[in-house]
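Visitor: Sequence:
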Amino acid sequence: RTPPAPARSPRACCSARTRFDAYKDNGKNSGNGRNGKALLAEGVLLGGKPRDKAFKAAVERATAVAEELNRARDLINTPPNDLDPEAFAAVAQAAAKEHGIKVQVLDEKALTKGGYGGILGVGAGSAAGPRLVKLSYTSSKAKKHLALVGKGITYDSGGISLKPAGHNETMKCDMSGAAAVFAAVVAAARLGLEVNVTGWLALAENMPSGSATRPGDVLRMYSGKTVEVLNTDAEGRLVLADALWAASAEKPDAIVDVATLTGAMVLALGNRTFGIMANDDAFRSAVHEAAEEVGEPAWQMPLPEHLRKGMDSATADIANMGERMGGGLVAGLFLREFVGEGITWAHLDIAGPAFNEGGPFGYTPKGGTGSAVRTLVRIAELAAAGEIG
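At position 216 of the sequence shown (counting the first as 1) the number is 216 in UniProt numbering, and the numbers step up by one without a gap.
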């Protein structure tokens, strides 16, 4: 039976605004509100009886999702000098221990031994080494296995293909996909969902240096495919490709990746809506419906086959860039190359809504928004019910 969509009243709790001020007033704040005081001291929910089991469950669900959503927002807002790949991995390890989630962290040595050329190539220019974090939540009653893959570029300078000046301080948000996946796995564990959920956090810092990957370099990916790097600022698809192939090796029922992947998607859908691409029309629609149920604006996007030819390379199996027009769709086609045969897959490009540079609106705060967290949790609930995957 399809689990009911989250109740509307508790959903407001799930999306409560937060203020990130942990770095103000000489560190006196807790990050929850000014001077260490909570923004919301008490909340009263009307419309349900305290002893009503369904109402109580809805409130408990909203609380768990809200707390993990806010954890993701705090990670996104954390300055990149305090949240490099190693630090992010440490946060994930601590949360995993707290909630009974199995965790595995691959450092540079392990990544090199395993042949994760995409993640290593992106992180090659940084003094902070890359990491691949695997979070595994398992349920003894699970009949489905859902894999979530998140792009975790803790700071994106563009690498050798350096970004122009302007708004570069927001590039700390390029790990929003990994933050969403991390939060969703922890939320699934807290809710005790009857589904196995594996989260893959592909973490790297994209910086220019004498050791950085250059345009024209060829990387051998974890899948064995070679990729000609035409633009080092198209790095997210490289780390995701390795993580997608690693996730595919476990033969999950479905994979959903989340990434602040392309400016082209922002141009297409604006800064409040994320794009959904998939290798299965029914699954793409199911993901879209899940997003609508939890109040996250999203839109279905195609994967036009004719755009694949633009990524042909004379040097390697594929290039990391293709036609300029439809760049968000080209990125989706690139990722599809690294999804295992027969595995249902969807790609969420959250480049627009991941970071809100304007004022708060609706349930959305200024700064890191935690985009896609609620959608991923809903997908996990539907997978637990056998409705998707």
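FYI, nobody ran anything at the bench for these hints, they're computed from the structure.
In this text the structure is predicted, and so the values were computed from the model without any measurement.
Among these hints, one or two may not hold up.
Using 20 Å as the maximum straight-line C-alpha spacing, the simulated SDA-like pairs for lysine to any residue come out as follows [unchecked claim]:
hint, residue 1, residue 2
1, 366, 97
2, 134, 81
3, 102, 192
4, 49, 63
5, 49, 59
6, 113, 128
7, 366, 270
8, 24, 233
9, 49, 109
10, 163, 264
11, 251, 340
12, 309, 271
13, 53, 3
14, 366, 271
15, 24, 100
16, 109, 128
17, 251, 128
18, 109, 93
19, 225, 318
20, 366, 134
21, 24, 81
22, 163, 191
23, 56, 225
24, 163, 249
25, 97, 64
Visitor: Quick check: which numbered hints come out false for this structure?
Guide: Hints 1, 2, 8, 9, 12, 15, 17, 20, 22, 23 and 24 contradicted; others consistent.
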